[in-house]
Structure formats: structure tokens, C-alpha cells
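Student: In case you want the letters, here they are:
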Amino acid sequence: MNIPYRKIALACATTAMAVTALAACSNGSDSASSSGAKSLEIVYWNYGPAAESGNKATADAFMAAHSDVKVTLTPVTGENWGTYYANVATLIASGKHPDLMVISGEGAQFVHSNNLVQPINKYLDKDSAAKAIVGDIAKGLIDGFTVKGDVVTLAYGWNDMVVYYNTDLFKKAGIAPPKPDWTWDDFKATAKKLTADTNGDGKPDQYGFTWASNEIFPGIMPWVANAGGNLTSDDVCQATADTPQVNKAVSFLNGMITEGIAPAPMPMSDVFTRFQNGQIAMFGAGRWPIATFLPAGFKAFDIQLYPKGDTYKTVFGGAGYPILKSSKNPDLAWEYQKFTVSNEIEKQYVGTPDKPGDSIPSRRSVAQTISKVGVPPANSDLYYNSIDDYPTLVPYPAPAKYSTFESTVLRHLQQIFAGEASVSDGLKSMQSELSSIVTC
Amino acid sequence: MSTATTSMSPRLGRLAARVLTFLVLGIAALAITAPFLWIFRGALSGSDAELYRLPPTFDAGTLTVRNFGRVTEQVPYFRFFLNSIIVSTVVTAAQLITCSTAAYAFARLRFRGKGVLFALVIGSLMIPIQVTIVPLFLVMSKLGLTNTLWALILPGIFSAFGIFLLRQHFLGLPRGLEEAAKIDGAGQFRTFARIILPLSGPSIATLGILCFTYWWNDLLLPLVMISDTDRQTLPVGLVLLAGRFSTGSLGTIAAGITMAIVPVLVVFLAAQRYIVQSIASSGLKL
Amino acid sequence: MTTSSTLRPGVGDRSVTDPGPPAPRPRGDGAAALAFLTPSIITFLVFVLAPTVGVLVLSFYNWNLLSDGTFVGLDNFDRLIHDGRLLGVYGSTTYMALAILAVNVVLGLLLAVLLETRMPRWLRGFFRLSYLFPFVVSASAVALIWRFLLNKDLGLVNYLLGLVHVDRIDWLGSSAFAPVSVIIVNSWKTIGFSILVYIAGLQSIPDQLREAAIVDGAGAWTRFWRITFPLLSPTIFFLVVINTINSFQIFAEPRVLTQGGPGDSSRTIVEYLYDRAFGDFDLGYASAIGITFALILVVLTAIQFWFSRRWTFY
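Order-wise, the sequence lines are chains D, C and V. Letter 78 of the first sequence, counting from 1, is numbered 78 in this note's numbering, and no numbers are missing. Letter 188 of the second sequence, counting from 1, is numbered 188 in this note's numbering, and no numbers are missing. Letter 43 of the third sequence, counting from 1, is numbered 43 in this note's numbering, and no numbers are missing.
Any given hint could turn out to be false.
[To be verified] With a straight-line cut-off of 25 Å between C-alpha atoms, the simulated DSS-like cross-links for lysine-lysine are: (1) D/Lys325 x C/Lys142; (2) D/Lys308 x D/Lys179; (3) D/Lys203 x V/Lys152; (4) D/Lys325 x D/Lys131; (5) D/Lys96 x D/Lys308; (6) D/Lys338 x D/Lys131; (7) D/Lys56 x D/Lys96; (8) D/Lys188 x V/Lys152; (9) D/Lys171 x D/Lys193; (10) D/Lys193 x V/Lys152; (11) V/Lys152 x D/Lys192; (12) D/Lys328 x C/Lys142; (13) D/Lys96 x C/Lys142; (14) D/Lys308 x D/Lys126.
[Stated by the list, open to error] Some chain C residues well away from chain D (every beta-carbon gap over 12 Å; in silico): (15) Ala16; (16) Ile86; (17) Leu149; (18) Thr229; (19) Gly248.
[Claimed, not checked] Just some of the chain V residues that point at chain D, by a computed CB distance under 7 Å: (20) Leu65; (21) Gly69; (22) Ala102; (23) Leu154; (24) Asp167.
To be clear, the hints were calculated from the coordinates, so they are not data collected in a lab. We put the beta carbon where it would ideally sit given N, CA and C, even for glycine.
Produce the entire structure from the sequences given, and follow the hints as far as they go.
Tutor: Shown next, in the form of C-alpha cells:
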């Protein structure tokens with residue numbers, strides 16, 4: 001090819017200079033609209049219609065209570081929490097200064113280590129109303145959002161991992177509902193009874209149990225925790241993925257596949273839909289499935305604690321509105337954050353039987369109304385009780401590079417569950433890769 | 001006797017070839033369309049449970065159009081539709097203009113720096129948008145255009161592929177065309193508009209289809225550039241329908257896909273026929 | 001032969017540096033060229049070249065979108081050499097891309113040629129439409145449906161295969177079949193376009209040539225290899241170039257179907273790069289990967305152009 005490379009290089013260099021000059025010019029002039037009037041900009045993950053209406057309701061209620069404040073909502077799209085964070089980061093990189101952003105528990109370390117948030121410790125110390133609120137929130141939820149002593153945010157809602165079971169399938173198989181003190185052996189025996197060939201082609205088409213292949217939290221974490229292990233050390237400074245405890249948990253799940261009690265793992269969305277349609281008898285998740293199940297008219301399910309292994313620990317994650325460093329009005333932002341955990345707003349997360357909330361309210365007093373309002377499942381009190389009654393897994397393993405961490409863990413698990421690596425080899429290579437990702 | 005057998009076997013052979021031809025074409029058609037039959041059937045299904053049954057069942061009595069209503073309830077479908085139409089048509093129209101004029105210059109004009117410029121064009125074909133999306137976002141935000149439809153339109157106007165495609169076509173047109181035009185006293189622009197363009201229907205239609213479908217389906221740019229729901233496009237609507245962690249109802253998603261396909265299909269059908277017709281009848285077969 | 005080839009429709013190529021049809025050394029059309037090129041040049045500079053230069057600059061920085069970037073020289077390129085996964089990902093990308101390319105170019109040609117058979121107009125239209133159908137749909141939406149159908153233990157595809165006694169195939173979870181699924185789903189989506197381009201190419205071949213060959217007693221096979229194939233070579237070349245560029249850049253299918261796994265068996269380089277950028281927030285390193293990738297594509301395309309000069313018939 002007869003391309004004059006020198007000329008191309010020259011053209012590129014010229015453009016580069018032009019671009020940098022352009023950027024330099026516009027950098028200084030970024031003061032924009034904040035004219036001192038009281039306003040708040042809130043960024044949230046727009047995962048669907050429910051996110052928009054929920055955030056709008058909160059913002060409207062806040063403005064009704066504070067008539068001099070203008071709240072601007074900035075929905076940010078993303079296919080999951082990870083791409084949402086990336087898009088928020090892009091937004092901030094382009095010069096926007098939101099006051100608060102919605103984050104999930106996995107994001108706490110991320111926003112903290114990137115110096116994005118203002119910790120709320122000082123507000124908690126001097127705000128007496130806050131003290132009353134904190135007393136009504138399970139300690140685990142505060143600890144879960146504390147990074148190196150800094151409280152990143154109050155959580156407005158949260159989820160703990162419980163087992164969902166299809167009550168129709170249990171009835172059909174003549175199995176009694178599981179008890180809270182069931183063990184791994186009980187669990188496996190139950191799952192085995194629920195695995196069946198219903199269309200008579202000689203292969204099972206109904207399975208006892210499965211778990212999400214694309215997430216750690218409702219995937220292997222409850223098993224790892226109940227085996228007494230964790231994927232990282234408690235200070236999230238070191239990976240601990242190849243311990244005997246983790247091995248035990250992963251081997252147990254792998255055994256379910258090789259024995260044909262669990263199908264080849266699939267993503268959470270597929271698990272949801274197949275559970276509703278009776279192809280899967282049990283799976284694990286937080287409270288969020290009911291926001292899909294109930295509006296679809298599916299009510300034949302209940303929940304129970306995960307079976308006990310060598311121990312029992314509650315695995316949970318939450319979400320909150322941390323105050324961002326970029327906020328020009330942190331005091332007002334704190335009022336907003338406090339407002340998101342007020343009784344008025346927390347009631348939204350309870351919901352109604354037709355329009356249920358998709359997470360558990362953080363306020364104990366509010367969460368306890370779920371069963372009174374009659375939002376299924378019958379055993380709903382379990383959601384909050386588990387975090388009060390059992391030792392919680394604190395912190396949920398969420399290193400600053402959470403997204404890398406999660407994709408690495410999942411990639412190795414995928415190989416193990418496909419039978420392409422033995423459990424111990426797979427965990428060993430997972431550990432060696434994680435050791436450079438989980439650091440302090 | 002012997003003549004009969006020799007004349008029979010080629011006829012038999014031809015028959016076998018014909019059967020085989022239609023078998024291959026038919027199987028391919030079935031294999032390619034089958035997932036759509038499933039999607040359309042899903043869009044009309046009364047409950048998701050029907051979609052999971054193995055073997056699949058079909059009961060005309062349970063068919064319903066309720067899923068389409070759900071789509072419009074859950075997302076502002078018509079708003080998305082309008083935005084998608086605006087973005088796709090404006091990009092397509094603009095791209096056809098910039099690409100055809102640039103391709104004309106590259107194919108039929110002589111000027112200094114042509115080699116460098118064309119090499120740059122081809123080079124930019126190699127860079128996937130996922131690579132440049134962050135700097136592109138920064139450019140857009142410096143221009144103050146993020147969260148507007150412009151952010152979806154402007155990056156699509158330049159198309160290295162389009163220039164490449166049309167240039168190849170223009171190169172193939174006989175040189176005599178311009179000479180005749182020149183004798184008639186036509187300038188470059190008139191030659192381009194009156195002589196070259198009318199002979200390029202198929203290529204332009206091909207580019208138009210490609211461009212329209214690409215931007216109709218593009219997900220990355222709206223996800224990154226647009227934050228207001230009201231300014232989103234249909235592919236984002238499908239993501240929203242799929243819901244948090246894609247846990248939405250399959251029937252509703254299938255209905256959403258159906259509603260997103262139909263308009264493109266109409267454009268496609270029209271343009272596809274036009275391509276074939278114009279190849280058959282245009283001056284190409286001089 | 002020569003006349004027909006100069007009159008082929010716009011699907012074919014000479015070469016990148018083809019100076020265009022010869023003309024007596026003129027004054028040049030500088031002013032006109034500038035007018036014709038201005039819209040493209042402006043949009044190219046602002047929306048293509050500037051971001052590309054941005055990527056080049058970024059590759060020398062360590063930047064996570066949020067904090068200020070730090071200049072790290074060639075560190076990011078040094079990391080490329082020590083990245084244990086990069087080669088594997090390039091391997092999977094190449095494997096899937098070549099397979100998709102082959103399906104498009106070979107199967108596409110077969111179907112297009114078969115479509116030339118005499119048949120009722122409506123039937124031809126029906127076939128053509130069927131093949132084009134998937135092309136109009138958003139890749140990620142359709143991949144979601146495919147994931148459902150290809151599920152190993154509960155999917156329709158394995159159920160149907162089970163009826164003919166094929167054991168359940170782990171389409172999405174095994175490293176043997178995960179890339180195959182990506183190849184199938186992507187080829188399924190793109191083959192209609194290749195067929196369309198072939199049809200246009202085939203129709204440009206003058207009927208007289210084939211009729212003359214029939215008079216000479218040439219069979220269908222001979223006619224194809226002696227007349228159709230050589231005259232189609234520019235079209236084939238065009239499809240090879242375009243499909244190479246497209247198939248190396250696939251992103252949505254592996255992401256939705258297999259999440260790139262198991263391991264990296266169905267991961268494409270664009271997906272890998274995207275994860276480094278938006279999963280790890282490692283923009284500098286992602287840019288360095290992007291640059292290697294763009295260079296590889298440039299070289300590949302250059303080779304194709306070089307090869308085409310000896311191979312295509314004009």
C-alpha cells in the first residue's frame with residue numbers, strides 16, 4: 001500500500017494539538033448553573049419504570065416538605081450496577097456535579113476509594129434525629145456501609161439472601177415446607193425429590209435447585225458463608241478463595257450438577273422465569289423477585305433461610321444515597337439522605353400486594369409491617385429477622401475493584417461448573433488471579 | 001431403448017438437483033425464521049408459562065394482544081419510536097449526502113492529498129466505537145450536546161464504510177459519462193447530481209438500508225449519551241422492558257421486539273425491492 | 001469480458017490506492033473536491049479523529065474516569081506483553097471471526113446461487129425475505145431470546161435434538177460449544193446481508209455470457225467455476241473485507257449469550273477491552289488494547305487488499 005505515513009502522522013499530530021487546545025480552553029469555564037438557589041441533583045440507576053417512579057416519588061415528597069428546594073433527577077441507564085457506575089463516572093468526568101447518587105453495597109468501597117463521597121459521620125454525631133433513625137436500623141446495615149471507619153451512607157433498602165421455593169411443586173411431590181434449621185443434607189435430599197422427568201422423554205425437565213451464574217451474591221456467597229468461609233479477608237485486603245471452606249461450598253454445588261439435581265447454571269433472569277414456570281423448584285435471591293412475581297400474578301412461592309452448613313450467616317447487600325464530594329450543598333444533601341430513610345419514604349419499599357417494593361426497608365419498624373400489609377410471601381418477617389437474629393457476613397466481599405473481582409470469580413466458577421476444571425484447580429487459579437485484584 | 005435411458009437419467013438428475021435446491025433453500029429459510037416464529041408466538045401468548053412448556057404447545061384460544069399493551073404501559077413506546085425514527089432517518093439522510101459526495105470526490109476527482117485522506121477513511125473503519133466511546137462522550141459534553149438527540153445523530157454522519165461502498169461503485173462507472181457531461185458544459189456538481197447519482201440507485205439503497213438498520217438498533221450510544229428517558233430510543237426501551245437483571249416477562253419482551261422490528265421491516269422491504277428492480281432496469285446493464 | 005467487468009455494480013474493489021480512471025494530467029479538481037469533501041471532513045475530524053487521538057493520548061495515561069490521570073509513558077503497552085489472557089482472547093476472537101466470515105462468504109454464496117434457480121417470483125421473494133429477516137433486529141434483544149432457546153437442560157433446541165436422540169449439548173456453558181453458539185447466532189444475523197450483496201453481484205453478470213456457455217455445452221458446474229465465480233470475485237472480496245471487519249468487532253452476542261466464557265473461550269477482544277474500560281475503569285490500558293486491535297485490523301485489511309490484486313479478476 002502506497003500510503004504516505006509521514007503525512008498521516010503529521011495530520012494526526014496537528015489534530016491532537018487542536019483537540020488538547022480545545023480541551024484546555026473549555027476546562028476553566030465550568031461553573032455552570034448553580035446560582036446559589038437551593039437545588040439538589042440526584043443520580044440514580046434507571047433499570048426500568050419502577051426506578052423512575054420510585055425516585056420521582058421521593059423527590060416530589062421532599063420538595064413538598066421543602067418548598068424552597070428544587071430537586072433534579074438524573075436517570076442514568078446501564079444494564080447492571082457496573083455499567084451504571086461507569087456511566088455515572090463518565091458523567092462526572094464530563095464535568096457534572098451531582099449531589100447524591102444511588103449506590104448498592106458493592107459500590108461503597110468503590111466510591112470511597114475513588115474519593116467520591118463525603119462520609120456522614122459528623123452528621124450522625126450531631127444530628128439527634130439521626131440517632132433515633134440509626135437505632136431503628138439493624139447494626140449490620142450500618143457496618144456494611146462503613147469503610148475504614150467512614151460511614152458512606154445510610155441504607156434506605158437492602159436485601160438478604162433467602163431460599164425461594166415453589167409451593168405448588170412441594171405439594172405435588174408431597175414434601176413438607178422446609179424448616180429454618182434445615183441442613184445441607186436435608187436441602188440436597190429435598191432438591192433430589194423435586195427433580196423429575198415430567199414429559200416422559202427420559203431426561204429431567206424439572207430441577208430441585210439452581211443458582212444465578214452471573215452474580216456472586218445470590219450465587220455462591222450464601223453457601224460459602226455457611227461453610228464458614230468468605231472470598232476475601234474481613235478487611236477486604238486479601239483474597240481467600242482457595243480455603244477449604246470455599247472448596248466445600250463450591251464442591252457441594254458442583255455435586256448437585258453432576259448428580260443431575262441442578263441444571264447447568266444460567267443467569268439470574270432465566271432462573272426467575274423458569275422458577276415461575278415450575279421448571280426450577282428452589283433458588284436463592286433477595287426480596288427483589290417479588291417485584292417481578294406478584295405483578296405477573298405468580299404467588300405460589302414462599303421463602304426460607306438458607307440451609308445451615310457448619311454455621312449460619314446472613315449474606316446481605318443494601319443501597320443508599322451517599323453525599324458526593326462534588327456537592328455544593330452537603331447539608332441539604334444530608335437532609336435528603338435522611339429523608340430517604342424516613343417513615344414516609346420507607347413505606348414505599350413495603351409496597352402493596354399488587355405493587356410490592358423490591359427491597360427490604362432498612363427501618364425495622366417499617367419492615368415489620370410487610371406481613372401485616374399482606375405482601376407475599378407468607379414468611380416475609382424472615383427478611384428482617386435474619387439480620388437481627390443471626391451473625392451477619394460483614395462486610396460482604398466488595399473490594400474497590402468490585403466489578404473486576406466479580407467477573408474474575410464468575411469466570412473461574414463457570415469453568416468449574418462446566419466440568420472443565422476441578423474444584424480445587426479452579427479455585428487455585430481464581431485465588432492467584434484475585435490476589436492482585438483484592439488489595440489495600 | 002438405449003436412447004430412452006440416456007435421456008431419462010439427465011432428466012432425473014435435473015429433477016434431483018431441483019429437489020435438492022429447494023430442500024436446501026427451504027431448510028435455510030426455516031432455520032433462519034424459526035426463532036422469529038417463536039418470538040411472534042411469545043408476543044401473542046397469554047401467559048409466560050406457555051412459552052416454557054416442552055414440548056411446545058400451541059392453543060389458538062389463549063392468544064392475546066395484551067402483551068403489546070403492557071409494552072406501552074411500561075415504557076413510553078411511542079416517544080422512543082419517534083426518537084428512533086428521527087435519529088435513524090436523519091442519520092441516514094445525512095450519511096447518504098456526505099458519503100456520496102465524498103465518494104464522488106475520491107472516485108472521480110483529482111486533487112492533492114487524496115491518498116492520505118482515503119487511507120485515513122479506511123483506517124477509521126478499523127476502530128470499533130467501543131474503543132472511542134469515552135473520548136467521544138467528552139467531545140459531546142464539551143459541545144454541550146449530551147442528553148440530546150444530536151449526540152446520537154452527529155457521530156453517525158461520517159461513515160467510512162459508506163464512502164468505501166459508494167466509491168467502489170462510482171469507480172466502476174464509465175469515464176465517458178463525465179466527458180459527455182463536460183461537453184454539454186455541466187460543472188462537477190451537475191455531473192454528480194444529474195449523471196452519477198441516478199446511476200447509483202442500488203448502491204445508495206444498500207447503504208441506506210445498512211445505515212438505517214444499524215442506527216435503529218444501536219444501543220451503545222443512547223446508553224452512554226442519553227440520560228433522560230424521554231430522549232431514549234427503542235433499543236434502550238427493550239433493555240428497560242427486560243428490566244433489572246433482565247427479569248422482565250418474556251412475553252412482554254417478545255412483544256417489544258416485535259414492535260421494534262415492524263417499522264424496519266417495512267423500510268427494508270421497500271428498499272430491498274427497489275434494489276433488485278433497479279439492478280434489473282437501471283443503466284447498469286448498458 | 002472487459003466491458004462487463006467495468007460495468008459491475010458497486011460491490012467490488014480495485015485497491016485502496018487506486019488512482020481512479022486515468023485522465024490526462026489535469027489542473028486538478030481541488031476546489032470542487034474540497035466542496036464535496038467538506039461535510040465528511042468536518043464530521044470526521046470532530047467525531048472520529050478527535051476521539052481516536054483521545055484514545056492514543058489515553059494509552060499513555062493511567063486514568064479511571066474519576067481522578068486526574070497520571071502520565072505513565074509506555075507502561076500500558078508493557079502490560080500488554082505480560083497480560084496472560086490477551087493472547088487467549090485474541091485466539092477466541094480470531095476463531096469466531098474466521099468461522100463467521102466463512103459461513104457468510106461460503107454459505108451466503110451457496111444460497112444466493114441456489115436462489116438463481118428458476119422458481120415462481122413469490123417463492124423467490126419469500127426466501128429472500130426469510131434470509132434477510134434477522135438482519136433488521138437489535139443484536140442484544142435477539143441474543144436474549146437465543147439464550148433462552150439454547151439453555152442446556154431446559155431449552156427448546158436441546159429438546160428438539162433430544163427427539164432425534166442427540167444428547168443435551170451445553171451450548172452456552174462448555175468451551176467447545178460456547179463459541180459455536182456465538183458463531184451461529186452472529187452468522188444467523190448477518191448472512192442475509194451477504195446473500196443480498198451476492199444477489200446484486202450475480203444479477204450484474206450478463207446473461208449472454210451464460211447463454212453462450214450453455215450453447216457451448218458447458219454444464220452448470222463448469223459455468224459456475226468458469227464464468228460466475230471469476231466475475232463474482234470483486235463481490236466476494238468486498239464481502240470478505242466487510243465481514244472481517246464486522247466479525248472481529250462482535251460484542252453483543254458473546255456478552256448476552258455466554259458472558260465470554262467459560263474461561264475466555266467465547267470472549268472477543270472488544271468485550272475484553274470494554275470490561276477493562278468500564279468494569280475495571282482502567283481507561284489507559286483499555287486504550288492500549290484498542291490500539292493493538294486497530295493495528296491488527298489495519299494489517300489484516302492491507303493483506304486482503306494486497307491479495308485481492310492477484311486474485312480478483314477484472
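Student: Give a verdict on every hint.
Tutor: Outcome of the hint check:
{"no.": "1", "hint": "D/Lys325 x C/Lys142", "result": "holds, 22 Å"}
{"no.": "2", "hint": "D/Lys308 x D/Lys179", "result": "holds, 11 Å"}
{"no.": "3", "hint": "D/Lys203 x V/Lys152", "result": "holds, 12 Å"}
{"no.": "4", "hint": "D/Lys325 x D/Lys131", "result": "holds, 23 Å"}
{"no.": "5", "hint": "D/Lys96 x D/Lys308", "result": "violated, 47 Å"}
{"no.": "6", "hint": "D/Lys338 x D/Lys131", "result": "holds, 11 Å"}
{"no.": "7", "hint": "D/Lys56 x D/Lys96", "result": "holds, 20 Å"}
{"no.": "8", "hint": "D/Lys188 x V/Lys152", "result": "holds, 21 Å"}
{"no.": "9", "hint": "D/Lys171 x D/Lys193", "result": "holds, 12 Å"}
{"no.": "10", "hint": "D/Lys193 x V/Lys152", "result": "holds, 21 Å"}
{"no.": "11", "hint": "V/Lys152 x D/Lys192", "result": "holds, 19 Å"}
{"no.": "12", "hint": "D/Lys328 x C/Lys142", "result": "holds, 22 Å"}
{"no.": "13", "hint": "D/Lys96 x C/Lys142", "result": "holds, 11 Å"}
{"no.": "14", "hint": "D/Lys308 x D/Lys126", "result": "violated, 41 Å"}
{"no.": "15", "hint": "Ala16", "result": "holds, 35 Å"}
{"no.": "16", "hint": "Ile86", "result": "holds, 19 Å"}
{"no.": "17", "hint": "Leu149", "result": "holds, 15 Å"}
{"no.": "18", "hint": "Thr229", "result": "violated, 6 Å"}
{"no.": "19", "hint": "Gly248", "result": "violated, 7 Å"}
{"no.": "20", "hint": "Leu65", "result": "holds, 4 Å"}
{"no.": "21", "hint": "Gly69", "result": "violated, 10 Å"}
{"no.": "22", "hint": "Ala102", "result": "violated, 25 Å"}
{"no.": "23", "hint": "Leu154", "result": "holds, 5 Å"}
{"no.": "24", "hint": "Asp167", "result": "violated, 9 Å"}
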